[in-house]
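Colleague: Listed below, chain by chain, are the residues.
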Amino acid sequence: MSSAPSRVNDFVIKIATVNGTGSASANTLLMRSIFRSGIPVMGKNYFPSNIQGLPTWYEIRISKDGYVARSGKVDIMVAMNAETYARDVRDVAPGGYLIYDSTWPRPALLKRDDVTVLGVPLARLCNENFKGVRTRILMKNICYAGVLAALLDLDVARIRELLAETYAKKPALLESNMQAIQLGYDYAKANFTCPLPLRVEKMDKTGGHIMIDGNTAAALGCVYAGATVAAWYPITPSTSLMDAFKNFADKTRIDPETGRANFAFIQAEDELAAIGMVLGANWNGARSFTATSGPGVSLMSEFLGLAYYAEVPAVLFDVQRVGPSTGMPTRTQQCDLISAAYASHGDTKHICLYPANPEECFYMAVQAFDLAERLQTPVLVMLDLDIGMNDWMCRDLVWDDNYRPDRGKVLGKAELEKIEKFYRYLDKDEDGIPYRTFPGVHPKGAYFTRGSGHTQFGTYTEDSAAYQLVLDRLLRKLATAKRHVPRPVVEGDGKAKAAIVSIGSCDGAVREALDVIATRGVHLDYMRVRGFPFSEEVEKFLADHEMIYVVEQNRDAQFKSLLTLETRVDKTKLRSLLHYSGLPVSSKFIVDGVLGDLLEDRRAASGVVS
Amino acid sequence: MTFIPKPKIAHPSLPRNELGLTRREYEGALSTLCAGCGHDSITAAIIEACWGISMRPENLVKLSGIGCSSKTTAYFVSGGHGFNSVHGRMPSIAMGANAANRDLYYIGISGDGDSLSIGLGQFCHAIRRNVNMLYIIENNGVYGLTKGQFSASADVGTKAKKGEVNQQPPIDPVLLAMNLGAGFVARSFSGDKAQLVPLIQAGLKYPGFALIDVLSPCVTFNDHDGSTKSYAFTREHYEPVVEADFVPFKKEIATAYAAGEAVPVMLHDGSRVVLRKLAEDYDPTDELHAHDYVQQHIAKGEYLTGLLHCRSTQDTEFHSLNRTPDLPLNQLPFERLNPGSKQLGKLMARYR
Numbered sequence: 001m002s003s004a005p006s007r008v009n010d011f012v013i014k015i016a017t018v019n020g021t022g023s024a025s026a027n028t029l030l031m032r033s034i035f036r037s038g039i040p041v042m043g044k045n046y047f048p049s050n051i052q053g054l055p056t057w058y059e060i061r062i063s064k065d066g067y068v069a070r071s072g073k074v075d076i077m078v079a080m081n082a083e084t085y086a087r088d089v090r091d092v093a094p095g096g097y098l099i100y101d102s103t104w105p106r107p108a109l110l111k112r113d114d115v116t117v118l119g120v121p122l123a124r125l126c127n128e129n130f131k132g133v134r135t136r137i138l139m140k141n142i143c144y145a146g147v148l149a150a151l152l153d154l155d156v157a158r159i160r161e162l163l164a165e166t167y168a169k170k171p172a173l174l175e176s177n178m179q180a181i182q183l184g185y186d187y188a189k190a191n192f193t194c195p196l197p198l199r200v201e202k203m204d205k206t207g208g209h210i211m212i213d214g215n216t217a218a219a220l221g222c223v224y225a226g227a228t229v230a231a232w233y234p235i236t237p238s239t240s241l242m243d244a245f246k247n248f249a250d251k252t253r254i255d256p257e258t259g260r261a262n263f264a265f266i267q268a269e270d271e272l273a274a275i276g277m278v279l280g281a282n283w284n285g286a287r288s289f290t291a292t293s294g295p296g297v298s299l300m301s302e303f304l305g306l307a308y309y310a311e312v313p314a315v316l317f318d319v320q321r322v323g324p325s326t327g328m329p330t331r332t333q334q335c336d337l338i339s340a341a342y343a344s345h346g347d348t349k350h351i352c353l354y355p356a357n358p359e360e361c362f363y364m365a366v367q368a369f370d371l372a373e374r375l376q377t378p379v380l381v382m383l384d385l386d387i388g389m390n391d392w393m394c395r396d397l398v399w400d401d402n403y404r405p406d407r408g409k410v411l412g413k414a415e416l417e418k419i420e421k422f423y424r425y426l427d428k429d430e431d432g433i434p435y436r437t438f439p440g441v442h443p444k445g446a447y448f449t450r451g452s453g454h455t456q457f458g459t460y461t462e463d464s465a466a467y468q469l470v471l472d473r474l475l476r477k478l479a480t481a482k483r484h485v486p487r488p489v490v491e492g493d494g495k496a497k498a499a500i501v502s503i504g505s506c507d508g509a510v511r512e513a514l515d516v517i518a519t520r521g522v523h524l525d526y527m528r529v530r531g532f533p534f535s536e537e538v539e540k541f542l543a544d545h546e547m548i549y550v551v552e553q554n555r556d557a558q559f560k561s562l563l564t565l566e567t568r569v570d571k572t573k574l575r576s577l578l579h580y581s582g583l584p585v586s587s588k589f590i591v592d593g594v595l596g597d598l599l600e601d602r603r604a605a606s607g608v609v610s
Numbered sequence: 611m612t613f614i615p616k617p618k619i620a621h622p623s624l625p626r627n628e629l630g631l632t633r634r635e636y637e638g639a640l641s642t643l644c645a646g647c648g649h650d651s652i653t654a655a656i657i658e659a660c661w662g663i664s665m666r667p668e669n670l671v672k673l674s675g676i677g678c679s680s681k682t683t684a685y686f687v688s689g690g691h692g693f694n695s696v697h698g699r700m701p702s703i704a705m706g707a708n709a710a711n712r713d714l715y716y717i718g719i720s721g722d723g724d725s726l727s728i729g730l731g732q733f734c735h736a737i738r739r740n741v742n743m744l745y746i747i748e749n750n751g752v753y754g755l756t757k758g759q760f761s762a763s764a765d766v767g768t769k770a771k772k773g774e775v776n777q778q779p780p781i782d783p784v785l786l787a788m789n790l791g792a793g794f795v796a797r798s799f800s801g802d803k804a805q806l807v808p809l810i811q812a813g814l815k816y817p818g819f820a821l822i823d824v825l826s827p828c829v830t831f832n833d834h835d836g837s838t839k840s841y842a843f844t845r846e847h848y849e850p851v852v853e854a855d856f857v858p859f860k861k862e863i864a865t866a867y868a869a870g871e872a873v874p875v876m877l878h879d880g881s882r883v884v885l886r887k888l889a890e891d892y893d894p895t896d897e898l899h900a901h902d903y904v905q906q907h908i909a910k911g912e913y914l915t916g917l918l919h920c921r922s923t924q925d926t927e928f929h930s931l932n933r934t935p936d937l938p939l940n941q942l943p944f945e946r947l948n949p950g951s952k953q954l955g956k957l958m959a960r961y962r
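Here the protein sequences come in this chain order: Y and R. So the first sequence is numbered by the numbering used here: it starts at 1 and just counts up by one. So the second sequence is numbered by the numbering used here: it starts at 611 and just counts up by one.
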């Protein structure tokens, strides 16, 4: 879409600042005030792996149609960082706007004729009105929020209301923030024609919704699932999941009478210990989890193999970040899909869940515990930095008070009294899932858990047949798992011969891309896979389509590889659209990819697209 | 190596403990270790200790890593759950299991390879976290299963079976544990059952991390001349410096101790550990003094044994510090864990 004379509730603002300067508060403030005005909004933070002084960007997309992904273009740039000024200027779409701090002259060389430049002497305004270096820096950022409020016709009352809530206990801060907003607002009103053709207008499309990040939602899911032991080692971008759990647990799990904590929160010495603690606790009958990222999964792999073979439940949240190795810790990718599915040596395979947004993180967190205990195996919930750390607009989270945890096949004291003898790894029900017991319940329930070769009776073995019997039963369990993992989400009438298949946080961009592609007369079906191992429904969808675009966020087509390895699909039908820059995939990337490919096909006159 | 069950036939006249159980009911599978292995003596001491304090078999959780020592958890108390985990990682399993259920007794069996090399980090952090468990290192100075390489506890100058002489200084778990603030630190010898049994009983009952480093000669790879961890060398250089008696709750101290010689340490459940000093200038309740005393003797080539350090204050145990409830976390009813739909509505207000 090119820049139209007037565009309401449909544009992108990008704010370039330096980290550690309080810009996060200003940006959140802007986004939330738009959200509270009933307008769907998306906010994405591109920040450095650093505490203070490096470039950081925040992208706010206002989308009356409720699209939650990056569009791939920038209409208004707030360029607050001299260091990145040149590239920030380049990023603005033709017809767009550039707001900069005019306290200092702008490099004339970077002038663009197709962009409207608005200079605001932010530093000067703040220096004149505030005391102290730190305050002046912080207020400069709040000040541009005031400027934007005037330019976009934002409801200033909403901003005041949000500030009042944030600083309810700090009146001095509230006053200075209010003043900074007003300074920016008044300056813009006095010097520019407000509002701009790009502006916001009150809507009523955010009722029944919240703005929440996936790490917080997943943590809340853990609290609601009844998790009691949380063990972890700090690693970006998963740390805020554990912080949120601690926060919610402090609020809801402290006994009001005794002051005792109905949970244990253990910061481990490393990821190896973190997952070990999770195994120990689950083995002993407490719901326990950890959160980590790719490097942590690498370290946890040995224990994950033990949990797979010894059949110990575990829940692990992998908030994926850019690899390989340390990679770019504060950027997003879906690059652990293979390492998570097959973590550890030997024939191992793990249950994976792929949430697409924070709302799903909440429900899948609960489901992960049920699956881990039902199937007695690790469950890896595959978030990524985009889902985990960015605020997404989601439907309100709801809870069914009738829910009770599925603890799976556990023999209690009464059941153990009745049986002659307990065998840990016997497939009594022929679904591949044996029965387990907890320590301290009954001497008859005692068994020996080991990662070495064992028989179906739980005893040590080096006998080929006895070993294979257990290994083959584990395959039956995985077949059972296919019926338990969340079903794929399938869209479309099933008549299209071509389709998009995707996973996790690609969903928002894919959905928008499908709409755009449809306006060009091309209709594609869509399947979003939500669980591994892949179910029969996934098989069927793949079989029913002749050409399938696989959209994912890594270089090596890991999702496509998993599909070809783990389903019967003819791999010549699959075409990859791979996005791995570290920024969340945009709808434009998918639209361009699909249409470009189809154009080539049309040239080759294949004609498979309906 | 295969699993060998022991026939469970008990003679009717075998002595029974308070639970009415005989020693046979504290046994496990048949050991597959080499004949004469020190580890088997430790297994026997554990059986004796558990029987002696009338431990409910199902209340004992047996944890281990990888190595000869780690196999032994299968050889005692078959009525207790066992978890033979991965190399050097037993402490983290113990931490998680203990967090889930504070009511059970946790015994971790490890070796010098498992604890002082690959698992040194987890060993240290288990001490730092003060997990309520008894941690036994069956220390023989070599890697047995992989045929005789030196471990990190091998002394300078000790000779391997094939003649190689170790030149790297050892890591001593006793000094390390004292350094890290462990409240219960003991050293013993697999051949001294009389000393070992009460130490195990006291260690099991001690409300916090309890370490017993047990010299346990490897008959196959480290029992030759020139080895500082052979039976002969150990018998010559290991010297009891403090004896510990474990006195269960309600039992009166039967033996009379000379004044100034016996130091009783009260445990939470009312039982006591009574320390009897064999060296007059030694105070096992003072950890700084104990550390220096033990280190000075090692420098002279003397290895002191017994309960070398026992702290009388026991308020830093993991559950105390974390203020978890008395009811184990794995037994809390779901209603107390789940905040409910109403609360969810309130929690979401922040995100609007």
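Please note that the accuracy of each hint is not assured.
What the hints assert, rightly or not - Distance condition first, Cα-Cα at most 25 Å in a straight line; then the derived SDA-like pairs of lysine to any residue:
hint	chain 1	residue 1	chain 2	residue 2
1	R	LYS952	Y	LYS428
2	Y	LYS409	R	LEU629
3	R	LYS952	Y	LYS421
4	Y	LYS202	Y	LYS170
5	Y	LYS170	R	ARG962
6	R	LYS952	Y	ASP243
7	R	LYS956	Y	LYS428
8	Y	LYS251	R	LEU629
9	Y	LYS64	Y	GLU201
10	Y	LYS64	R	LEU640
11	Y	LYS540	Y	LEU583
12	Y	LYS413	Y	LYS428
13	R	LYS952	Y	LYS540
14	R	LYS616	Y	ASP396
15	Y	LYS421	R	ARG845
16	Y	LYS421	Y	TYR467
17	R	LYS956	Y	THR166
18	Y	LYS246	R	LEU629
19	Y	LYS413	R	ARG666
20	R	LYS910	R	TYR841
21	R	LYS956	Y	LYS413
22	Y	LYS421	R	GLY950
23	Y	LYS111	Y	ALA123
24	Y	LYS246	R	GLU637
25	Y	LYS349	Y	LYS482
26	Y	LYS444	R	GLY950
Claimed, not checked - Now the stretches of chain Y that chain R is said to cover, found in silico as 3 or more residues with beta-carbon under 8 Å:
hint	segment
27	130-137
28	232-245
29	277-287
What the hints assert, rightly or not - Not everything, but these chain Y residues come out facing chain R in the computed CB check (under 7 Å):
hint	residue
30	ASP65
31	ALA172
32	THR252
33	PRO256
34	ARG260
35	LEU306
36	PRO443
37	SER576
No lab work stands behind these hints: they were computed from the structure. Being a predicted model, the structure only gives us computed values, none of them experimental. The beta carbon of each residue, even a glycine, is placed where N, CA and C say it ideally should be.
Colleague: Does each hint hold? Answer for all of them.
Modeller: Against the structure, the hints come out as follows:
no.: 1; hint: LYS952/R / LYS428/Y; verdict: violated (41 Å)
no.: 2; hint: LYS409/Y / LEU629/R; verdict: violated (30 Å)
no.: 3; hint: LYS952/R / LYS421/Y; verdict: violated (45 Å)
no.: 4; hint: LYS202/Y / LYS170/Y; verdict: violated (30 Å)
no.: 5; hint: LYS170/Y / ARG962/R; verdict: holds (21 Å)
no.: 6; hint: LYS952/R / ASP243/Y; verdict: holds (23 Å)
no.: 7; hint: LYS956/R / LYS428/Y; verdict: violated (45 Å)
no.: 8; hint: LYS251/Y / LEU629/R; verdict: violated (44 Å)
no.: 9; hint: LYS64/Y / GLU201/Y; verdict: holds (10 Å)
no.: 10; hint: LYS64/Y / LEU640/R; verdict: violated (73 Å)
no.: 11; hint: LYS540/Y / LEU583/Y; verdict: violated (32 Å)
no.: 12; hint: LYS413/Y / LYS428/Y; verdict: holds (19 Å)
no.: 13; hint: LYS952/R / LYS540/Y; verdict: violated (41 Å)
no.: 14; hint: LYS616/R / ASP396/Y; verdict: violated (60 Å)
no.: 15; hint: LYS421/Y / ARG845/R; verdict: violated (45 Å)
no.: 16; hint: LYS421/Y / TYR467/Y; verdict: holds (21 Å)
no.: 17; hint: LYS956/R / THR166/Y; verdict: holds (17 Å)
no.: 18; hint: LYS246/Y / LEU629/R; verdict: violated (42 Å)
no.: 19; hint: LYS413/Y / ARG666/R; verdict: holds (15 Å)
no.: 20; hint: LYS910/R / TYR841/R; verdict: holds (19 Å)
no.: 21; hint: LYS956/R / LYS413/Y; verdict: violated (39 Å)
no.: 22; hint: LYS421/Y / GLY950/R; verdict: violated (39 Å)
no.: 23; hint: LYS111/Y / ALA123/Y; verdict: holds (21 Å)
no.: 24; hint: LYS246/Y / GLU637/R; verdict: violated (43 Å)
no.: 25; hint: LYS349/Y / LYS482/Y; verdict: holds (12 Å)
no.: 26; hint: LYS444/Y / GLY950/R; verdict: violated (36 Å)
no.: 27; hint: 130-137; verdict: violated (count 0)
no.: 28; hint: 232-245; verdict: violated (count 0)
no.: 29; hint: 277-287; verdict: holds (count 10)
no.: 30; hint: ASP65; verdict: violated (21 Å)
no.: 31; hint: ALA172; verdict: violated (23 Å)
no.: 32; hint: THR252; verdict: holds (4 Å)
no.: 33; hint: PRO256; verdict: violated (11 Å)
no.: 34; hint: ARG260; verdict: holds (4 Å)
no.: 35; hint: LEU306; verdict: holds (5 Å)
no.: 36; hint: PRO443; verdict: holds (4 Å)
no.: 37; hint: SER576; verdict: violated (36 Å)
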